[in-house]
Each structure stands twice: as structure tokens, then as C-alpha cells.
Amino acid sequence: MAEKQEHNKALSEKKGIDQPTRLNPLAAERLKKNRSKTPSTQQITEGLLAGNKTQLSRALTRIESTAEKHQQEGREIIEACLPHANKSIRIGVTGVPGVGKSTFIESFGKLLTSKENKVAVLTVDPSSSLSKGSILGDKTRMEELVKDPNAFIRPSASGDSLGGVAQKTREAIILCEAAGYNIIVIETVGVGQSETAVHSMTDFFLLLKLAGAGDELQGIKRGIMEMADAIVINKADGENRKAAKMAKNEFNRALHLYPPKESGWTPKTLTCSALENEGIDDVWKLIEAYISETKKNQYFQHKRTEQNKFWLLQTIENTLKRDFYNNPKVKKALEVQLKLIEANKTSPFEAAAYLLKLKK
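51 is the number that the working numbering gives to position 51 of the sequence shown; each next residue is one higher, with no gaps.
Because the hints were derived from the structure by calculation, they are not lab data.
Among the hints, erroneous ones may be present.
Quick list of the computed label-pair ranges, beta carbon to beta carbon [to be verified]:
#, residue 1, residue 2, range
1, A343, M246, 21 to 29 Å
2, V146, K339, 44 to 52 Å
3, Q42, E262, 40 to 48 Å
Cross-link-like lysine-lysine pairs, in silico, BS3-like; alpha carbons within 30 Å at most [claimed, not checked]:
#, residue 1, residue 2
4, K168, K331
5, K110, K309
6, K329, K359
7, K53, K69
All C-beta atoms, glycine included, are put in the ideal place defined by N, C-alpha and C.
Generate the whole structure from the sequences, applying the supplied hints.
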């Protein structure tokens, strides 16, 4: 009876005919061996310099890894790539969630590749350390661009801090440039201090905004407005066209109230519809005008030099911080000092002085 009930179950499986092997066993073994082979640092570097996306991804994985062996390999790859870097236009794109950054970047990226450019899209998203994955770097949001042979999209590396994530992005720029990408687009989450980090590694900083959300200038941090080289009102389509035009005029009036930029450039406001692919070419023409003007007045190279100085100091700070917290003595003593602070038996300053002495 039990056997009959088992036989009549909806999910019962009947023995069928074995399917023939679809893959030659020898070919399968060869494939397995090839996959198990870990390419050398030299092979990764050579492939990257030849524009191989797989080797570029492997190089990026090395610099993102926390393993000491991978970090050493990453440093060697970066050292070999430095003479081939510094030959791109670096564009930062920021805006609050929902402004349409991914749609804009995809439309913008497709325009650039149609003009025979190679485009790399990177993200700075420190929040990815919570979810162990990037929110902004979701490739499914850029379905068309990800298929483009002249485009490369890399989600943000997970990190414990904005400083750590930003440093990895800085190194990723060098690798992408060495791989032949002449335009690097860096997307930021648009909250916290991520805009400052992206501004410190890009040539042109673009702020995306939406119209029709009330007072257009409310809620915008003064610092972001000062950093922006252009403001683009996105989603200027359908019934939103009129509101977008009004927002454009309002932002233009506001931008004229800010002091002149060191670059000599006067920021401008444009409207576009990334969804309908309207106004995207105007954004690119504006960026080209900025690059041309700042190269003529020498500001372009001056800014790059100042950024390199900044990243030297940041790298030193990040390295010292990492080494300090990874010190076994400090790790052990830190837990004790935290408990003493909870019990009001020491002050943060006394605890810090004690811990810093342990590192000497």
C-alpha cells in the first residue's frame, strides 16, 4: 500500500533513459585543467595591457583582495601599469538614489563608444561593505552597455570604510587606463562623503538632479554645488519638460552666486532624458569644452598633480591605520581598553595614548 502511495505522488520520479554525454570527457578534463591554472602576475599584466577584459578583472580582484599574497601581486601589477596610465578623461557622476544615474551612465556610455571611445564604469559605494556587494554597480541596470565590447563595468569593492573603497577605486582607474580605456566614469552613491572622494580622483564632476520635487535648491549641500562642474536635470521628458526647464534656470541663477572656480570654468546647467536619449550629446560637448579650456590654462594638469599629492597622503594614512589595527598586541589590548571606557575607568585619550605606545 505504501509503495502504491509513493508511486502516485505528484513529485515521484520515474526512471527514464540516461542522457548521452554531451561533452567529450577529454575536452572536459582539458577545460578543468585550464580553469585550475592560476595565471602569473606577468601573464595578467601582459593580458591587461593587451586589453583583455578577463585579465583586467583578475588584476582588479588582486587589488581588492585582503590576502597578503594578492596585495603584493596587485602592487606589482600597478607598478607595471603606471607608465601606461594617466591617459584618460575621468568623469565623476553623483546624485541621490532615484535620480537615474545608471540609466544616464548607460546612455552616456553608449554615446561615447559610438564615437570610438573605450569606456570603463567604476563605482564608489562604501555602503557595499554592509551587504558585501555593490548597490550602484549592479550590471543588470546597464544591460546594453555591459554587452558593448568597448565598455567595461566594475562594481564597487566591498570595504570597511570610504577611505578603503576609494583607494581601491583609485587603483582601478590606473588599471583601466593601462588596459586602453580612454574615458573613465566613476559613479558615487550620492550620500555621505563619497562625493568628496570621487571629486578628488576625477577631472570633471557632474551632479545629476531631478525637477518637480519642490524647491530645487533645498537639500543640496553647499559643498556639492561648489564641486560640480555641471548640473544636469535628468528625466526631462513628457510632462516633466516644463519643470526641468524651470529647474535649469533656477540652478543657473544659483551657480552665478558662487565665487569663481580656480579652474576658470563657469559651471553650467543642462537638461536631458537618459530614457529617451535626449540631450546626452550636449553633456558630452560640455565636458569636451571643459577639458579643452582647462588644458589650455594648465589647470587640468595642475589638478591631476594636486590629486596625486592628496592620494599619497591618503595612502599613508590608510596603510598606517590598517597596520595599527592588525597589530596582535593592539587587537588584544583594544578590547580591554573598550571595556575600561564602558566602566568609566579610563578616558578615550588615555586609552588611545596607551594603545599607540604598543605599536612603537
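Next item on the list: Compare the distance between the alpha carbons of K53 and K69 with 30 Å, and conclude whether the hinted pair is satisfied.
Entry: 22 Å, holds
Is the hinted pair K168 and K331 satisfied, with a Cα-Cα distance of at most 30 Å?
-> 25 Å, holds
For the range 21 to 29 Å, tell me whether the beta carbons of A343 and M246 fit it or not. The hint (21 to 29 Å, Cβ to Cβ) is violated, given that A343 and M246 are roughly 59 Å apart.
| Taking the beta carbons of Q42 and E262, is their distance inside 40 to 48 Å? | 42 Å, holds
Pair hint outcome, K110 versus K309 [Cα-Cα no greater than 30 Å]
33 Å, violated
(request) Could you tell me whether the CB distance from V146 to K339 stays inside 44 to 52 Å? (result) Holds, at about 49 Å.
Worksheet item: Are the Cα positions of K329 and K359 separated by 30 Å at most?
Response: 8 Å, holds
The structure fails hints 1 and 5 (numbered hints given earlier, in ascending order).
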